[in-house]
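There are 2 protein chains.
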Amino acid sequence: MTTTLPLVPKGKDAQDAVCCAPIARQPLGESEAAELAALLKAVADPVRLRLLSMIGSHAGGEACVCDLTDAFDLTAPTISHHLKVLRTAGLIGSERRGTWVYYWVIPAQVARLGALFTPLATG
Amino acid sequence: MTTTLPLVPKGKDAQDAVCCAPIARQPLGESEAAELAALLKAVADPVRLRLLSMIGSHAGGEACVCDLTDAFDLTAPTISHHLKVLRTAGLIGSERRGTWVYYWVIPAQVARLGALFTPLATG
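Residue numbers (UniProt numbering), protein chains in the order written: chain W, 1 to 123; chain B, 1 to 123.
Treat each hint with caution, since some may be false.
If chains are identical, the list can't say which one is meant, so a pair holds when it fits in one copy or spans any two.
The calculated SDA-like cross-link candidates involving lysine to any residue, where the alpha carbons are at most 25 Å apart (straight line), are [what the hints assert, rightly or not]:
1) Lys41 / Arg25
2) Lys41 / Arg97
3) Lys84 / Gln26
4) Lys84 / Leu74
5) Lys41 / Trp100
6) Lys41 / Ala59
Keep in mind that the hints were calculated from the coordinates and are not lab data.
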């Protein structure tokens, strides 16, 4: 699979583009805004952003909690709290296998965040 | 200009796709995570999400503060506080003209949020 970076347009094109990003296309309703703000709060934390990126980029697409704790100067319960916030927001899934709990990223929920702020493709 | 919604893939394709979203491609460093978390905190609020969407979708691409207050059951100073948070995060610009302050969305900063969570286009 080949990939290309999303185009970030400039000047007049940028103005056209932002018109079409869902966040700037039409006013958000109260309930939709509340739901999206809760999802954004789940990722609006440096430790949780790092955990999400570590889980997503881990070999095999999943990470054991034992792979995650060493990178942080935080206690295991604190790491667990942050993982629970990500899981409650539907951004990661988890499963216990033997001694350890394993985590993986839920792509659709991550993509939902992206789609909110991404100018729609022009065609 | 015609538009198409970003494709949110499922199953095996979804796993391929999330591998390529910047948030899940490689572990974020501490300073990058701190900076992105601050930007996300600016939008992780229902009032600020609604303000951003109202400004972006307003006719002419900019909105007077007088266009924004009626939709909320909030005082003018509270609305001003939320607008200041968005402006400080670089998500909107503003300019006083006569009696009113006008606001517009900064597309590149909005697109930066989107790019973090968006699977790279496949080609």
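Consistency of the hints with the structure:
{"no.": "1", "hint": "Lys41 / Arg25", "in the structure": "both (22 Å within a copy, 21 Å between copies)"}
{"no.": "2", "hint": "Lys41 / Arg97", "in the structure": "neither (29 Å within a copy, 34 Å between copies)"}
{"no.": "3", "hint": "Lys84 / Gln26", "in the structure": "between (33 Å within a copy, 21 Å between copies)"}
{"no.": "4", "hint": "Lys84 / Leu74", "in the structure": "within (15 Å within a copy, 33 Å between copies)"}
{"no.": "5", "hint": "Lys41 / Trp100", "in the structure": "neither (27 Å within a copy, 32 Å between copies)"}
{"no.": "6", "hint": "Lys41 / Ala59", "in the structure": "neither (27 Å within a copy, 29 Å between copies)"}
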